[in-house]
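As they're listed, the protein sequences go chains A and B.
Heads up: the first sequence is residues 9 to 154, going by the working numbering.
Heads up: the second sequence is residues 1104 to 1579, going by the working numbering.
It is worth saying that the hints were derived from the structure and are not from the lab.
There could be a bad hint or two in this list.
Said to hold, decoys possible - Here are a few chain B residues that sit away from chain A, every Cβ distance over 10 Å (derived from the structure): (1) G1295; (2) A1297; (3) S1365; (4) L1372; (5) H1374; (6) F1378; (7) N1380; (8) S1386; (9) E1392; (10) L1406; (11) D1413; (12) L1416; (13) V1436; (14) L1469.
Unchecked claim - Here chain B is said to cover these stretches of chain A; the calculated rule only asks that three of the stretch's residues, wherever they fall, bring their Cβ under 8 Å from a Cβ of chain B: (15) 41-49; (16) 137-145.
By construction, the Cβ of each residue, glycine as well, lies at the ideal position given by its N, Cα and C atoms.
In case you want the letters, here they are:
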Amino acid sequence: MKIILLVEDNSNDIELALEALAEEAFTERIIVVKDGQQALDFLHRTGSHADREPGNPILVMLDLKLPRVDGLEVLRRVKNDSTLKSIPVVMFTGSGEQSDLQTSYRLGVNAYVVKPVDFDEYSNALRVIGNFWTETNAAPPDPVPS
Amino acid sequence: MKRYGWQMGTAYSLFLTLLLVDAYLANRSTEGLTEAQERIAHTWEVRTTLRDTQAQFEKSISAGRGYVLLDDVTNIQTMEEAQQAMNQDIDRLNQLVVDNPRQLANIVKLRVIIEDQVRVVAEAVRHKQTLGVRWKADTARAFTTRAFSSKNYITALMASLNEMNEEEKKLSEARHREAKNYERQTRLTIFGAAGIACVALTATFTLAYLMLRERLRGEVVMRQANQALEVRVGERTASLQQANEHLQVANKELEAFSYTVSHDLRAPLRHMVGFANLLEKKSGLLLDEPAHRYLLLIKEAGLRAGRLIDDLLSFSRMSRAELSHSRVSMQDVVSRICAELEDEKPQQQIHFEVMPLPSILGDSILLNQVWHNLLENAVKYSSRQAISHIKVGYRKTAAELEFFVRDNGVGFDMAHAEKLFGVFQRLHETEDFEGTGIGLVTVRRIIVRHGGRTWAESQPGEGATFYFSLPLERLG
């Protein structure tokens, strides 16, 4: 089963997100990590996630402000890694700052979504993103052929 | 410098006149002098000729006597030559004294004497020539005496000559005096001219010197002023640079501030609204009417806070950003926004009337924002009308381009017009018309950054007109 990796440090945001997607088919696939280092461990299958099932996630939803290793650093490492860079990464963050937007795209992010305050809009955004990358989009080959 | 103008003019005219008058006088006295000198020469010629006449007279007499007494034939020729010379002299004298009646009379007398004498002498000579030796010696002697020694002739002649000479001498003296006068005059006029020229030259140079000194002083003053100015400019520049640095620091702090707000403020709001929603969803059946209402209010408050923050953030971002420069077709922008608004509000009857609008040099995104805010406001505040009439146009004044958006909506009281463009100022209740009140602040900020002004006119119940102007230089 293809995993959706949600990288989010705020418990409230995690709860809201999971509630918003409660009725979606892909909700089972969601795995949550609460800081950047854990995200990297998961992706590389190192540290506390060394024993997880092999295979790249089908989507990474990434917040910007994270403890230990922050979102932009995670993005950079993923997109500079030949085995990981094909994974779709969607920035899902409260920041609408131009500087963050520009840096993210420069680093190769696939999409950048600002978390709406309005819950309906928030839920909708999550649903659309999830559905698109899991259903509509043709997933990148995994493992990536060399 | 100006006061030297007419002084110079007057002085110049004065000196010029003096010199011309002097020249005229000099000319006259010189003429007089020349004439006087000519007349003196004339007198001298008369006297010389008189002397010559006398000499020739004596020569002819002695020649005649010589022949008669000594038989020297050459004397005859000498005598005749002398007589001829004498005649010539007298003719000349006649010419010379033609304007002097007294002298003319004297010449007549002279001529008579001389003719007489010549006749007598000629007679004697003839006698001598015919008689020759036969002419008795004593007769000849007697004749000769009469002819040549007669005191009458000589006396008469001498007297006449003297008289003429005296006359001429007197004339000569008078003319010399005259000449001296003219000479004095001439000298005076020359010195006069020199004197006037000296004075004029001195005056001119003094004036020139004064003017130059004034000019130099002026230059010194100006140089000093310039230096002082440059010092001030230097100081101003330094303080401006300092102010600029402060501004840049402030800007950086503002950036950091809005970044924090962006992340940290919106999250709790999001959570608040989200959980209120979830509460509604999960426990809705357990709740009574007031509870539902409270939840709704909580959500709306949160959303409102969220919108406020977003507006503030975008306003702050816009204020800090550099103005970009491009050609913006106001016509295209307005047309597009009108079309969008019509689509967004299908239930509202909106009639847009858009005059042809010019192109502007400015920041495309920000100018879009201006029109969006103004037109959205116009639509919003005229939503209560059966048909919203919104008119867009512009006019050109001496220095500006004035744009306007007019609606037929609720209008507002001009007494409060001051507050319109202030942050978060609203002249209507939120229940009546939703909005955060930052739209017009944004418009003002953008227009001011483009060098223009914003203002509005209205009557309650009779719609409103919002104006903004841009400098004419922005016409593109």
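Cross-check of the supplied hints:
1. G1295: Holds, because the least Cβ-Cβ distance between B:G1295 and chain A comes to about 94 Å, which exceeds 10 Å.
2. A1297: It holds; B:A1297 is separated from chain A by about 91 Å at its closest Cβ, greater than 10 Å.
3. S1365: violated, 5 Å
4. L1372: violated, 5 Å
5. H1374: violated, 4 Å
6. F1378: violated, 7 Å
7. N1380: Not fine: 4 Å to the nearest Cβ puts B:N1380 too close to chain A.
8. S1386: Check passes; 13 Å lies beyond 10 Å.
9. E1392: holds, 21 Å
10. L1406: violated, 6 Å
11. D1413: Incorrect as stated: the minimum Cβ-Cβ distance to chain A is 7 Å, not above 10 Å.
12. L1416: B:L1416 is in fact no farther than 10 Å from some Cβ atom of chain A, at 7 Å.
13. V1436: holds, 22 Å
14. L1469: holds, 14 Å
15. 41-49: violated (count 0)
16. 137-145: violated (count 0)
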